[in-house]
Amino acid sequence: MLLIPCPWCGPRPQTDFTYGGDGTVVRPAEDAPQAAWADFVFVRDNPMGPHRELWHHSAGCRRWLVVERDTVTHDITGSFKPGEVPS
Amino acid sequence: MPDLARASARASALATVSRPGVGPDCGVRLSERPADALVQVAVPAAARAAVADALGHALPDPLTAIDIPGKSTRLLWVSADQWWVEARDGTAPADLAARLAAAGARPTDQTQARVVVHLAGEHTRDLLAKGWALDLHPRAFPAGACAQSSLAAVSVMLAAVGGGAYDLYIPRSFAQSLWDWLLDAGAEFGVGVD
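Heads up: the protein sequence lines correspond to chains A and B, in order.
Just so you know, we're using this note's numbering here: the first sequence kicks off at 1 and counts up by one.
Just so you know, we're using this note's numbering here: the second sequence kicks off at 1001 and counts up by one.
Wrong hints could be hidden among the right ones.
Claimed, not checked - What the simulated footprint calls covered on chain B by chain A, stretch by stretch (three residues with Cβ under 8 Å from a Cβ of chain A suffice, anywhere in the stretch; the number is not a length):
id: 1; segment: 1024-1030
id: 2; segment: 1069-1075
What the hints assert, rightly or not - Cut-off 20 Å, straight-line C-alpha distance, at most; resulting in silico cross-link-like pairs (SDA-like, lysine to any residue):
id: 3; chain 1: B; residue 1: Lys1130; chain 2: B; residue 2: Ala1120
id: 4; chain 1: B; residue 1: Lys1130; chain 2: A; residue 2: Ala59
id: 5; chain 1: B; residue 1: Lys1130; chain 2: A; residue 2: Gln14
id: 6; chain 1: A; residue 1: Lys81; chain 2: B; residue 2: Gly1144
id: 7; chain 1: A; residue 1: Lys81; chain 2: B; residue 2: Phe1189
id: 8; chain 1: B; residue 1: Lys1130; chain 2: B; residue 2: Arg1099
id: 9; chain 1: B; residue 1: Lys1130; chain 2: B; residue 2: Ala1187
id: 10; chain 1: B; residue 1: Lys1130; chain 2: B; residue 2: Phe1174
id: 11; chain 1: B; residue 1: Lys1071; chain 2: B; residue 2: Ala1187
id: 12; chain 1: B; residue 1: Lys1130; chain 2: A; residue 2: Thr15
id: 13; chain 1: B; residue 1: Lys1130; chain 2: A; residue 2: Pro13
id: 14; chain 1: A; residue 1: Lys81; chain 2: B; residue 2: Leu1063
id: 15; chain 1: B; residue 1: Lys1130; chain 2: B; residue 2: Gly1104
id: 16; chain 1: B; residue 1: Lys1071; chain 2: B; residue 2: Phe1174
id: 17; chain 1: A; residue 1: Lys81; chain 2: B; residue 2: Ala1120
id: 18; chain 1: B; residue 1: Lys1130; chain 2: A; residue 2: Thr24
id: 19; chain 1: A; residue 1: Lys81; chain 2: A; residue 2: Asn46
id: 20; chain 1: A; residue 1: Lys81; chain 2: A; residue 2: Thr24
id: 21; chain 1: A; residue 1: Lys81; chain 2: B; residue 2: Pro1044
id: 22; chain 1: B; residue 1: Lys1130; chain 2: B; residue 2: Ala1113
id: 23; chain 1: B; residue 1: Lys1130; chain 2: A; residue 2: Leu3
id: 24; chain 1: B; residue 1: Lys1130; chain 2: A; residue 2: Asp75
id: 25; chain 1: B; residue 1: Lys1130; chain 2: B; residue 2: His1118
id: 26; chain 1: A; residue 1: Lys81; chain 2: A; residue 2: Trp8
id: 27; chain 1: A; residue 1: Lys81; chain 2: B; residue 2: Lys1130
id: 28; chain 1: B; residue 1: Lys1071; chain 2: B; residue 2: Pro1060
id: 29; chain 1: A; residue 1: Lys81; chain 2: B; residue 2: Ala1080
id: 30; chain 1: A; residue 1: Lys81; chain 2: B; residue 2: Gln1082
id: 31; chain 1: B; residue 1: Lys1130; chain 2: A; residue 2: Met1
id: 32; chain 1: A; residue 1: Lys81; chain 2: B; residue 2: Ser1079
id: 33; chain 1: A; residue 1: Lys81; chain 2: A; residue 2: Met48
id: 34; chain 1: A; residue 1: Lys81; chain 2: A; residue 2: Gln34
id: 35; chain 1: A; residue 1: Lys81; chain 2: B; residue 2: His1118
Since the hints were derived computationally from the structure, they do not count as laboratory data.
Note that CB positions come from ideal geometry on N, CA and C, so glycine has one too.
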């Protein structure tokens, strides 16, 4: 079980959240080529180590957040409100 | 248009549940606490002062609930810029929603969406600990604290109301199931219904 720090509610059990996928993909422009859209919709990296991912606090405040998690150790090193994620 | 008058006269979701009596050894006592109105509001930052004026009290900080002194109204924080307003003074949900909307809030009537169950007794925390992950020790969750999390896998709002008692806001369609769970989980402490 992960203990995920919600930026609004504080530490909450993983079971209160829904995983929302890779938090680093960037939506292409409306007129971007089809290949860019195919990448955006279907293609994901599978990194070992630190990763930023989206989670939804579905059983709590129902807000989306960005969690920084190590995919090997499961260590969580940060969580951010969308729009406040450091680059 | 739904028939609102008929909807608000709807029977309790707990009309058919088992209600064991309170004995001398009851460690946990349950009671249903139906609200007259429960309205969720999203309040834009610019409208906070006007909404506080309309309520006669400032909106509470995150993870806290406030019983407005002298009024049968409770305010509960539910999410960023969102609160519940719970009235027990006979206010009609539509009137409360209209009053809040006039102050610039965006209300959603939740009166029929939640069943409120009051838990009291010396073993209340022991019972909740069986299905609730957050620390409820008064040091971590004092009177006036509230939080939404899962109780026995049902997403609920829990508010500490003082004296070791709690109010549980259960989604209506899960109320019978969670009530049965409370009776089952509380059996070892003795559980009765006021």
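Do the hints match the structure? See the list:
1. 1024-1030: violated (count 0)
2. 1069-1075: n = 0 at 8 Å, threshold three: violated.
3. B:Lys1130 - B:Ala1120: Given that 20 Å is the threshold and the Cα spacing comes to 16 Å, the pair holds.
4. B:Lys1130 - A:Ala59: Holds, because 18 Å separates the two Cα atoms, which is no more than 20 Å.
5. B:Lys1130 - A:Gln14: Holds, at roughly 17 Å.
6. A:Lys81 - B:Gly1144: At roughly 26 Å apart (the allowed maximum being 20 Å), Gly1144 (chain B) and Lys81 (chain A) break the hint.
7. A:Lys81 - B:Phe1189: violated, 42 Å
8. B:Lys1130 - B:Arg1099: violated, 40 Å
9. B:Lys1130 - B:Ala1187: holds, 12 Å
10. B:Lys1130 - B:Phe1174: The given pair, whose Cα atoms are some 18 Å apart, holds under the 20 Å limit.
11. B:Lys1071 - B:Ala1187: violated, 36 Å
12. B:Lys1130 - A:Thr15: With a Cα-Cα distance of about 15 Å, the restraint between Lys1130 (chain B) and Thr15 (chain A) holds, given a limit of 20 Å.
13. B:Lys1130 - A:Pro13: holds, 14 Å
14. A:Lys81 - B:Leu1063: Cα-Cα ~17 Å, so holds.
15. B:Lys1130 - B:Gly1104: With Cα atoms ~41 Å apart, Lys1130 (chain B) and Gly1104 (chain B) exceed 20 Å; violated.
16. B:Lys1071 - B:Phe1174: Violated. Lys1071 (chain B) to Phe1174 (chain B) sits at ~30 Å, over the 20 Å cutoff.
17. A:Lys81 - B:Ala1120: The hint is violated at about 36 Å.
18. B:Lys1130 - A:Thr24: violated, 37 Å
19. A:Lys81 - A:Asn46: Answer violated: Lys81 (chain A) to Asn46 (chain A) is near 23 Å, above 20 Å.
20. A:Lys81 - A:Thr24: holds, 14 Å
21. A:Lys81 - B:Pro1044: The hint holds at about 17 Å.
22. B:Lys1130 - B:Ala1113: violated, 25 Å
23. B:Lys1130 - A:Leu3: holds, 18 Å
24. B:Lys1130 - A:Asp75: Roughly 27 Å between the alpha carbons, so the hint for Lys1130 (chain B) and Asp75 (chain A) is violated.
25. B:Lys1130 - B:His1118: It holds: about 17 Å lies between the C-alpha atoms, which stays within 20 Å.
26. A:Lys81 - A:Trp8: With Cα atoms ~8 Å apart, Lys81 (chain A) and Trp8 (chain A) stay inside 20 Å; holds.
27. A:Lys81 - B:Lys1130: Measuring from Cα to Cα gives roughly 31 Å; hence the hint is violated.
28. B:Lys1071 - B:Pro1060: Given that 20 Å is the threshold and the Cα spacing comes to 15 Å, the pair holds.
29. A:Lys81 - B:Ala1080: holds, 11 Å
30. A:Lys81 - B:Gln1082: This hinted pair holds, its Cα atoms lying about 16 Å apart.
31. B:Lys1130 - A:Met1: Judged against 20 Å, a Cα distance of about 16 Å means the pair holds.
32. A:Lys81 - B:Ser1079: The hint holds at about 13 Å.
33. A:Lys81 - A:Met48: violated, 24 Å
34. A:Lys81 - A:Gln34: violated, 30 Å
35. A:Lys81 - B:His1118: Judged against 20 Å, a Cα distance of about 34 Å means the pair is violated.
The structure fails hints 1, 2, 6, 7, 8, 11, 15, 16, 17, 18, 19, 22, 24, 27, 33, 34, 35 (numbered hints given earlier, in ascending order).
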